[in-house]
Amino acid sequence: MKQTLYDKIWNDHCILDNDDHSSLIYIDRHLIHEVTSPQAFDGLDIKKRDIWNKKSIMATTDHNVPTINRDQGITDPVSKIQIEALRENCKKHNIELYDLDNLKQGIVHVIGPELGMTQPGMTIVCGDSHTSTHGALASLSFGIGTSDVEHVLATQCLNLTKEKNFNIEVNGVLHPYITSKDLILYIIGSIGTSGGTGYTIEYTGETISDLSIESRMTICNMTIEAGAKSGLMAFDEKTHDYLKDREFLPSSKHYDDALKYWETLISDSGVTFDRKEKFNASDIQPQVTWGTSPEMVTSVDECIPSSDSIDNEEEYLDTLAYMGLEPKTEIKSIDLDKIFIGSCTNSRIEDLRQAAEVVEGEKVSSKIKQAIIVPGSGLVKAQAEREGLDKIFMKAGFEWRDPGCSMCLGMNDDFLQPYERCVSTSNRNFQGRQGDKGRTHLVSPGMAAVAAIKGHFYNVKDFMNEK
Amino acid sequence: MKSKSYNGQVIPINRDNVDTDLIIPKQYLKSIKKSGFGPFLFDSLRYNDTATLDSNDEREENSEFILNREPFRKGNILVSKSNFGCGSSREHAVWAIQNYGIDVVIAESFADIFSRNSFKNGLLLITLESQTINEIIDSSLSSNSYILDVNLAEDKILLPNDKTITFSISRSYKDRIINELDDIELTLRNKDQIKNYENQMKLSKPWLFNNE
Ligand code: SF4
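Line by line, the protein sequences give chains A and B.
With positions in the first sequence counted from 1, the corresponding number in our numbering is that position plus 19.
With positions in the second sequence counted from 1, the corresponding number in our numbering is that position plus 7.
Keep in mind that the hints were calculated from the coordinates and are not lab data.
All values reported here derive from a predicted model rather than from experimental measurement.
Don't take every hint at face value.
With a Cα cut of at most 25 angstroms, we get these calculated BS3-like pairs of lysine-lysine [said to hold, decoys possible]:
hint	chain 1	residue 1	chain 2	residue 2
1	A	K181	B	K198
2	B	K11	A	K181
3	B	K181	A	K183
4	A	K21	B	K212
5	A	K183	B	K127
6	B	K40	A	K111
7	A	K67	B	K170
8	A	K74	B	K202
9	A	K73	A	K272
10	B	K11	A	K74
11	A	K66	B	K209
12	A	K382	A	K27
13	A	K181	B	K40
14	B	K40	A	K27
15	B	K181	A	K73
16	B	K11	B	K41
17	A	K67	B	K202
18	B	K127	A	K257
19	A	K181	B	K181
20	A	K382	A	K480
21	A	K99	B	K40
22	A	K73	B	K11
23	A	K99	B	K41
24	A	K66	B	K212
25	A	K66	B	K202
26	A	K27	B	K41
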């Protein structure tokens, strides 16, 4: 029988089928961080259970860590307890931890692929919904809650019910300066934030093949924002090129066998999906979200839609009140306070290069209170510095920070004050996400950079043509 | 099978896409415990001020918000619309709902990870059609008391007007809630199969165990 990529990875990891339609699925890689793991380790301790396979686990500190003045240690006492808990748990169980003093520390979804801990065909879990990111490398990856973290620690397995197969095919050429971030925002705007619920989404089509692996990760990352726990992309030559020479790759003894297996990680041609949607990449202009859900999105040259385009009028009005915006306002006329370039969606080297291309020789507008750039990992930061990107940013008036989640969720000191309006390259514009009563607009790195320079939204394509 | 039923006041949250950031904002995720989140449930909607985990100050309530109004304050059955629990995987959202004293959440649909987390903690989620949800929300908002009677053993909800609604729920979910099972214990009953699988993989895909 013909199989999708999802079917293949699922079947390869299925230990047994339970009688309630769920199956016992083996987990190859388990990524952990400080926020969703302490209660799981506690649970193990209480029941005196061991960890099944310590070597399958990689830990990092990212959500809660300072991105400035790290030499002073962690000053917030509550954050410190949580980070100390992870350190102790890793030490006690002999788990590899990429901590603040390690050059390889960074956002869990940036460092997994970067170090080659993420490999095609693997099942990968993490107590974080954006684990979907790793699907760009043809691995079945999804976020889990803390009880499941404990379950995987203790058993190396999860009882899961198989999702349905959803194929999103994208063809056509993206215009210059339009990125995979615009593409995924556009898709979410079209299928909605629950459009993918109950499905695993596989992205195919020539546009996807043409994208770099880092750009593909941005799409898989935001797949959870479309309601699907996992996004997947087939293994190809680009996946292979990306992986080559990464630290944790199969040893030379097994490499050829691994490669042979990886090459099977594509959906069989002619296989039927439960659902299919097609998109044309050349339709897409730079996207900006205007509301408090990623599906509330439009093109930068448009206006905020009127209420007739929304089902629930009350929610529409509440949203605009929260965002401090009026119906039908031109997106480009909205004034901005802060700029955040970072997060597991857009903090990789290509993202920083895109932003730097825009910023080079320009200055951050005097209307902008703060513009920060937070690389996704220590390795990304070092690479950017080798390329001189840090100098371009700092010369323009950006702050150049140490790696972490930072203002994506504002658990550390980087957060919005009430009513501040932020342009962010992250993935969630929920109420209060970046700070209590803070207002978030999601965009691509290039669009965030242009917004910093102009002090309001502006089409990055036009900006680069005029430059 | 023990019978399990829940009886109580409805708390209507009349919107779609209630995300887990809204249920429990990030500043409370720094706790390393599973308890103590109840006072921070829907924090940004419930209070006019902000707090931290370790502050003991009296909070300033937003009198408009449903949880600060009678009779909803003491409710234990939360009713909302579609895609409830979307966003972050934080299980703290489920703990906060339970810590507050809510036993059941009824909605048009739930996000996947939230459903799983609820299942793991024995929080009962029930899906109903939008028409029924709207009826419950509207009626509860316009009466002094709106009590539902949820009978899990029989998959039935009794409305105050004596109308009965049947809901569907998976067997395993029901068992999990009624018998309060330990999932890890259950999985470890298959220890030998897991070991066998692992040994096979060590032969056929040894690179997966490279860093051993
Ligand atoms: S960068 Fe943001 S979305 Fe990504 S893991 Fe960190 S907090 Fe989550």
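Hint-by-hint comparison with the structure:
1. K181/A x K198/B: holds, 22 angstroms
2. K11/B x K181/A: violated, 28 angstroms
3. K181/B x K183/A: holds, 23 angstroms
4. K21/A x K212/B: This hinted pair holds, its Cα atoms lying about 23 angstroms apart.
5. K183/A x K127/B: holds, 22 angstroms
6. K40/B x K111/A: Cα-Cα ~19 angstroms, so holds.
7. K67/A x K170/B: Distance of about 48 angstroms is beyond 25 angstroms: violated.
8. K74/A x K202/B: holds, 15 angstroms
9. K73/A x K272/A: Judged against 25 angstroms, a Cα distance of about 23 angstroms means the pair holds.
10. K11/B x K74/A: violated, 42 angstroms
11. K66/A x K209/B: violated, 29 angstroms
12. K382/A x K27/A: violated, 50 angstroms
13. K181/A x K40/B: violated, 31 angstroms
14. K40/B x K27/A: violated, 38 angstroms
15. K181/B x K73/A: With a Cα-Cα distance of about 33 angstroms, the restraint between K181/B and K73/A is violated, given a limit of 25 angstroms.
16. K11/B x K41/B: holds, 24 angstroms
17. K67/A x K202/B: holds, 20 angstroms
18. K127/B x K257/A: The given pair, whose Cα atoms are some 39 angstroms apart, is violated under the 25 angstroms limit.
19. K181/A x K181/B: Within the cut-off at roughly 19 angstroms; holds.
20. K382/A x K480/A: holds, 18 angstroms
21. K99/A x K40/B: The hint holds at about 14 angstroms.
22. K73/A x K11/B: violated, 39 angstroms
23. K99/A x K41/B: Answer holds: K99/A to K41/B is near 18 angstroms, not above 25 angstroms.
24. K66/A x K212/B: Cα-Cα ~32 angstroms, so violated.
25. K66/A x K202/B: Roughly 21 angstroms separates the two Cα atoms, so the pair holds.
26. K27/A x K41/B: violated, 37 angstroms
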